[in-house]
Amino acid sequence: MSSSDHLSRRTLFWLLLTNVAVLLPLYDKITVATLGICAICFIWRLGIYLGKVSRPPRLLVTLLALSAAVTLALVSREMGLLNALINLLILGYALKYIEARRRRDVLAIILAGYFLIALSFIDHQAIGNVLLLAPVTAINTLTLVSLYRDDCSATTQSWLTAKLLLQSLPLTLLLFIVMPRFAPLWMVPQMKSASTGLADEVGFGDISQLTRSAELAFRATFDGALPPPSQRYWRALVLEDYDGKHWRQSQTTKALQHRVNLLKPARTPPRGDSRNYSIIAESSGQQWLFAMGNAYSDSQGVFNMPDYRLYASRPLEQKLQYRVRQYLNAPLAEPLTSTERERNLALPAHINPRSRALAEQFVAEYPQPAARLNAMMRYFNQQPFFYTLTPPSTGPQQLDDFLFETRAGFCVHYASAFTFMARASGLPARLVTGYQGGEFNPDAGYLSVYQYMAHAWSEVWLSGRGWVRFDPTAMIAPQRIEQGFDSMFAAQDSYLAGQAFSGIRSSAWFNQLRLRFASIDYYWTVWVLGFNSERQQQVLNGLLGEITATRIALLVLGVMALVFIIIGYSAGLIAFPTRQPQLDRDFRRISRLAARKGVMRAYGCGPKDYVAQLRQRWPGQQQLLSDWGELYLQLKYAELQPLQHRMERKRFHRLTSQLWLQLLRTAPEPQEHLSQVSSRD
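Mapping of the sequence shown onto the working numbering: residues 13 to 693, in sequence order.
None of these hints come from the bench; they were simulated from the model.
Cβ atoms here follow ideal geometry from the backbone N, Cα and C, with glycine treated the same way.
Careful: at least some of the hints might be erroneous.
Unchecked claim - Below, computed lysine to any residue pairings styled on SDA-like, alpha-carbon distance capped at 20 Å: (1) Lys-609 / Leu-673; (2) Lys-257 / Arg-368; (3) Lys-609 / Gln-625.
As the list claims (entries may be wrong) - Ranges of calculated distance between the beta carbons of each label pair, as one might list FRET restraints: (4) Ala-174 / Gly-580: 50 to 60 Å; (5) Gln-243 / Leu-474: 35 to 45 Å; (6) Glu-354 / Pro-282: 24 to 34 Å; (7) Gly-457 / Glu-227: 17 to 27 Å; (8) Asp-117 / Leu-97: 21 to 31 Å; (9) Glu-111 / Val-568: 37 to 47 Å.
Start from the sequences, fold in the hints, and give me the full structure.
Right under this line is the structure:
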């Protein structure tokens, strides 16, 4: 190995640190087998750094590579194509890491590290991950600097790394503003794991599981005033099929969702007063979106379904921002076909006979549908029902046990019972799941809706009115609807139950701090992740006035020229004129005045000879010129203590001013004398 390929000990140390830093943000993508192979490579590399072992035997590297290939082949079907490729890259990174001996090997590791950092940012673009990836990028760059500047100290290498990263910022910002906003190029199958949030089927205990989660579902920003809490019903899924235990989406709806990208469902927005707002949906792995009432969206990649839901063109693997118009006075009144009527009246035979009998009793007492539904709602208020997140279990006849035995449950219990009785009484009804409520953030002015705010209610078809919302939960626990989930249940009883430090996390100061950080993340999402084509046009219009190819080219060239100037100046290729020290400026002040008086300083004349020349010209200032000249030589060439240097420097400045005044008072020399002096010089 040549001396130029020698790896310094500091480079080996940075390489150890880089290996951990690069792989840490990808912890959720690394399989157990991949983690084991990476650990073996790291431990062996640590042994090399400590001088305990030498380079690994070829057989060990070969066995690790074969193990990695077999492992990926076995689990790639379950983990998805993208995550299999990520693990393959991580394994290649680790195997190259264990056998690195030359400078080019380390360079390949560093470049692969940059690629892994980019993959981590693509997967998680929240501001917390960005703050984590910034030092990871710095450490990877520091390893690159140490590879070529191993003769420098660690402090110098760190400073060079900071300069490189700062020099890259103008070009990065330029590319962010100017580059067209293309669709992501990494749209490949994701990991086959359980997605978060609501599911397309709901049983008695399903939504209660979401009350244990404080994860953010979405955020909403309104153009005007916020809707009151009682109107914050965020529709997500419409469930029409019921088998006695679970509510599911109908096969017709599923088939329409599968071909939504091929044939956009036709639904034109109504007219009338509207409420406009923006939604930022968190990644969930699902495609259903969230909106209130009769909602319509023109955002790209959002489809308006016939049942008045919004649906995304692809699963939400990243945050999605879209605009919504909610028509306040427009009912959900699409025509109800005979097939849809039958679907929303269907009930399994021979289940819940007592609930059916109760529904028939309501039909006999209240022939009119509206009066009948209101009586059903009052029934939940008049009977001793209880709202709880931990209801007792029920038997095969779920609704009968709930309505007549336990009488304790949460939103799914009440919505299921109401929808069942409405169907049993001859009224088309369906179950709707979504979220209810929202936490207002006063710092940034938006609503945050969390998973624990998941909710279920009923929609019943009434002639002339369309689908009308009925929420029996409001009859049992009105504060849950009017004031939100947090007013009904303490955090320790729901989303903080069983979590560490739950007392601290439910305190007022912690919530205040949480809202502040949430505001920062919100602005990051809106201004950076939400920087779409429309916002790009606005920024370019503000910068250029009019967007033309010529102006964009000039902007790009200008920023690139600035970057090149900064790099050239840092590398010493470009030098700017600098101001002379005060000592030299004082000396030149006397020199210029003496030249005006006829004493020209000859080329190559040193300070001592020049002062002698001045003394010969002005014999009356012998002592002043001698003191001034000696002090200049002392300040220029002698080694003085800092305090003494400052004191003598001030004295020299005073002598310069005094000498300048004395020379200024002398009469100027005749022109012929000046020409003689100049010719002699």
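Structure-based check of each hint:
no. : hint                          : in the structure
1   : Lys-609 / Leu-673             : holds (13 Å)
2   : Lys-257 / Arg-368             : holds (16 Å)
3   : Lys-609 / Gln-625             : holds (13 Å)
4   : Ala-174 / Gly-580: 50 to 60 Å : violated (18 Å)
5   : Gln-243 / Leu-474: 35 to 45 Å : violated (19 Å)
6   : Glu-354 / Pro-282: 24 to 34 Å : holds (27 Å)
7   : Gly-457 / Glu-227: 17 to 27 Å : holds (22 Å)
8   : Asp-117 / Leu-97: 21 to 31 Å  : holds (22 Å)
9   : Glu-111 / Val-568: 37 to 47 Å : holds (42 Å)
Hint compliance for this structure: hints 4, 5 are broken, all remaining hints hold.
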